[in-house]
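Asker: Next come the chains, spelled out residue by residue.
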Amino acid sequence: MGSSAKKKKEKKKDFQKPKLRVGKAAPKAANTTSTSFTAKKLLVNQQINANAPSLRDQFLHHVSLLSSRTDSQRKESLAYLASSLQSDYRGKPLPLSLKALLDKVLPLLLDSSSGVRSETTKTLQALPKQDIGDYAEQTLPYIRAGMTHLSQEIRRNTLDVLSYLTETCAKELVSAPGGWTKTIHCFATNLGFKDFADNEGWSMHKTGFREDVRSVARTLQVAEQFLAAGLVKDFAHDKENRYSEASAFPLWDFAHHKLPVKSNPYGYLNLFGRPTDDESRQLEDRDERVLEFQDHYYARFAKSLSKAKHEGGDIGRSAGQLLKVIDSACKAE
Amino acid sequence: MPKRKLAALEKVDADLTNLQYKVKRDPASYRSEFLDQWLQYQNQREIFLANPTSTHDSSATSFKDLLEFIAHVSDCYKSETKDFPQHLIEILNAHHDSLEPELREKIVGSLVLLRKRDIIDSNTLLHCLFPILSSTSSKTLRALLLQKILSDLRNSNSKSTNHKLNRNVQTLLHNLVLADRTSPKALWAVKVTREMWKRQIWTDAKAVEIMKECALADNEKVVAGGVRFFLGGDREREEQEEDSESDEEIDMQRLRHQVGINKKSKKADRGLKKAAATVKRKEKKKGQPHPLNFSALHLLHNPQGFAEELFQKHLQAAKSRLNLEHKLQVLQLVSRLIGLHKLIIVPFYSYFLKFLKPKQPSVTTFLACLAQGTHSQVPPDELEKPIQTIANEFVSEAAAGEVAASGLNAIREICVRQPLAMNETLLHDLIMYRKSKDKGVMMASRGLLGLYRQMNPEMLKSRDRGRDGVLGLKTGELKQQRYGEEATGEIEGLDLLEKWKEEERRRRRIEKGLDPDISGQEDSEEDEEAAWNAWNVEEEDSDDSGGWINVESDDEINISDSDDDEASKPQSKKVKFDLPTTDDKENAFAKATSEVPSTTASTTTSKSKLATTRILTPADLAKLHELRTTTSISSQLPGSHAKHHQTAAAAARQTHSQRHIDDELTAETITGLAHLSAGKLTKEEKAALLAEHKKDRSEHKSKAERKKQRKVEQGKSTTNKEKARKKNFMMTLGKAKKKGKRSLVEHQKVLKMHSDRGKRGGKRGNY
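One line per chain: the protein sequences are Y and F, in this order.
Using the UniProt record's numbering, the letters of the first sequence correspond one by one to residues 1 to 333.
Using the UniProt record's numbering, the letters of the second sequence correspond one by one to residues 1 to 767.
Extracted from the complex, chain Y is given alone in its bound form (with noise of 0.2 Å):
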């Protein structure tokens, strides 16, 4: 009201349809946004190589992708990784050193995505098996921090791992500093096998297992392959080992004198890495191990076992194999 004949028609404008005419562009909207640009030459970043990556290069950025944020990134680097050390580099030097690369994978067995998760473990089953065995210190951490994992799944996973493990490198991982008491600590807790002796109070805690009976008879055949490992083979005096001394008649203790075949020889001795306490000793003679596992873990091992093989099924069965494997290492001595 009262305002001016060019503000009516102003307003007016905004209201009127625009006109369109055959022929003729349609009329621009009052919003639209120019896309048009001008420049005098473009930059691609990445020029596309002439020569295709090098397969070490490529594995090595599939290692460094290891890292990234992304879990599908993640798992398929790992995929890649497992099928170029099954295919590329079977039986030839890697690009980079296996501590290295141990060090990149390991971390992702604790990994919160199960994809990844699996493909870990399929890249370490596809590492080198003679050579994993020299690792098995720097792997035991990791392996343990899975078996004791809040998840499950993840606990299940890492059960896998260290059967794989078992299977090839036993010997290592046994005699690895404090691979015997810890991981067997670990076993104890997972399978909730107490120690009577911190008993508290009157009050009686739940007994049984607090998992589904797959998960437990898993980790019981599991440990039953550890502490077989541990308590029955004797790895100091084997067959060949005794064949080699016969044979260089003369010479007594003979082995003592070459140079040593393992790696890190003298690592018992402990002179470099940080003071250990008695846990993370290391039992390197099955002797040691035998006398260790009395001491601390045979007593609730046994009667959590019993107590376990009268429950029967796919439990009873594991139990009784166990409890078979450590009585007829205890009681032999």
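Bear in mind the hints are in silico, worked out from the structure with no lab data behind them.
C-beta: ideal position from N, C-alpha, C; glycine also.
Be a bit skeptical, because a hint or two may be false.
As the list claims (entries may be wrong) - So the derived list for chain F, only partly shown, Cβ under 10 Å to chain Y, looks like this:
| hint | residue |
| --- | --- |
| 1 | E33 |
| 2 | D36 |
| 3 | Q40 |
| 4 | Q44 |
| 5 | I47 |
| 6 | L328 |
The hints should help you fit chain F onto chain Y, whose structure is shown.
Answerer: Structure of chain F alone, referenced to chain Y:
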């Protein structure tokens, strides 16, 4: 039912927060779950220690989360986690520089949490954090650590002062400062101590001792920090206190009303309870006695040694590396120490000589320091040279107005503190400047004149002495004090009290119909008894908030509290015991005052008597306080003639006590009214002023109008010109008419006067 879609969080059932919640509710049942996690923590720790720098964010539960979990529940399983704090401390000590920032923060946070849960004590925490604070290179970590350290110190002192901890930390800081005098690490000691001082948690001599050592360090930053503490720490503390006091007031009534009206909820209820608690706490705080806050400068041990060392180390030494700003700060501190504690450092005054030039940067601060470092115990010979230098360099016709004004002000400030430093000829010369056309110089010179009128009129020429000065000289009250002479101490306002008592007595006797001039023994006895009784009643009435502090060990008051009648008797007896000796003299004195108009001699003797012969009752003291305040207020009222009643000495005391001796003398005081003598503004300055005022130009106004508005806002009066312009037209008519009717002779006279004025250089004339 369709299969439920899994949310991202549920992908892995690794929910530590959930477990934490469960554990907290029922620690005993979740013990085995906790033990699993403890084992997991140990394993993760092993992994971590093998490679502390690597970060794997992708893992389902990171080391970080585990740390947090264990820290939160460790108070439920103390025996299992007894190594945990040690682990954290080890990790932090060994890897604090290479750790991932988030993890580092978490470790520090966990340690503080453990401290809050009382699993470790403050000592352990602070001994862990402090070395890292002073050694780490990460800025964020330092900020975090400092904050945590300060908050821990504050928390552990919140309920009651934790003397043991304070002592330990203070020793730690003290050692830090002393360990390496040149290292900047001592800066942390400065920061912590300063903050604690500000919050009034540390108010003891040990904290001051730390700062003293800092001020004597070799590192410039540390020195500056220490010196700044002494110069500004107390003011900071006061400001902090005011801030905390002026928090928003809670209106309980309103809150209660609101709760009554609004929807009732647990939250609102809780809020109300919280508010009530705060109000209660505040009330309680109000009732508490005011804490004794000694200034840092007063808490120093051996101020003489400290001042001397500061002076020698930072000022006198040729290789002192402090820049001018820091040097000035040190100088300010030294001069304040000298002035406050009346120290004698003889080379201090001659040190100034080379700086007393108008071209010297921030010379006003130097002048202020010189004046501040003067006190009545300084040998006048030492001051003569600096004063002479100031007079020669600053105060001359050739010098600019500001320069002369600040020189005069400086001389005045020195002479306030040590009047003997001035000699007569110089004083006469300086006083001549009171006729100067420059307003700043004139005011400064007048200040000097006024000072000597009060302090020692004898030094002035007789026509300059003024009325008070002459009177004072005649009565002998204004006598120059000799060097080293100290005035005898007395209770301020005691004469007023005596006068009031006498009046009261007379009034009562007139009421009784007795002769007011004769005093009886029973009279004053009654008086005394009444006074003590009045006190007892008062004591009964007063509660904690009433200003008196309830001192528990004072059993005398308690007795009088319990049974009034019995208790008052022995006390009145005690007074009686005193009375016979005093009464006669007093009566004699009362007669003397009524007969002879008061002579100064008799008043001085009576003053000492009242305080020495009689125990002042609390009521007396209260009255004394009241009288003191009323006189000080009435003397400051513009219309009152109280000033004329006061003696000149009292007036002098008042002018000097306007500024407390604890207050520092700043360069502003020395500059004084120099802005009055500033010349015209340059073009740039004008532009700057214009720009400054541009922003408050919301509506269009003429320049004159804006100026007028500004003047009104600043509370300034209008000029004569403006007044004339506003004058009613009818009122101006008469003068205009008269002007037209002037005779030629009259007109000639006016013109002559005008030309004369022009020659003289204005109304005031050129001097």
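Asker: Regarding the hint that F:Q40 lies at the interface with chain Y, is the smallest CB-CB distance below 10 Å?
Answerer: With a minimum Cβ separation of about 4 Å from chain Y (threshold 10 Å), the hint on F:Q40 holds.
Asker: Report holds or violated for the interface hint on F:Q44, using the least CB-CB distance to chain Y and a cut-off of 10 Å.
Answerer: Result: holds, 5 Å to nearest chain Y Cβ.
Asker: Does F:E33 pass the interface check with chain Y, least Cβ-Cβ distance below 10 Å?
Answerer: OK, holds: F:E33 within 10 Å of chain Y, min 9 Å.
Asker: So, F:D36 near chain Y? Judge it on the closest CB pair being under 10 Å.
Answerer: With a closest approach of 6 Å, the F:D36 hint holds.
Asker: Under the criterion of a CB-CB separation shorter than 10 Å, is F:L328 in contact with chain Y as hinted?
Answerer: Given a least distance of 55 Å, the restraint on F:L328 is violated.
Asker: Does the nearest C-beta of chain Y fall within a distance shorter than 10 Å of the C-beta of F:I47?
Answerer: holds, 5 Å
In this structure, only the earlier hint numbered 6 is contradicted, and the remaining ones agree with it.
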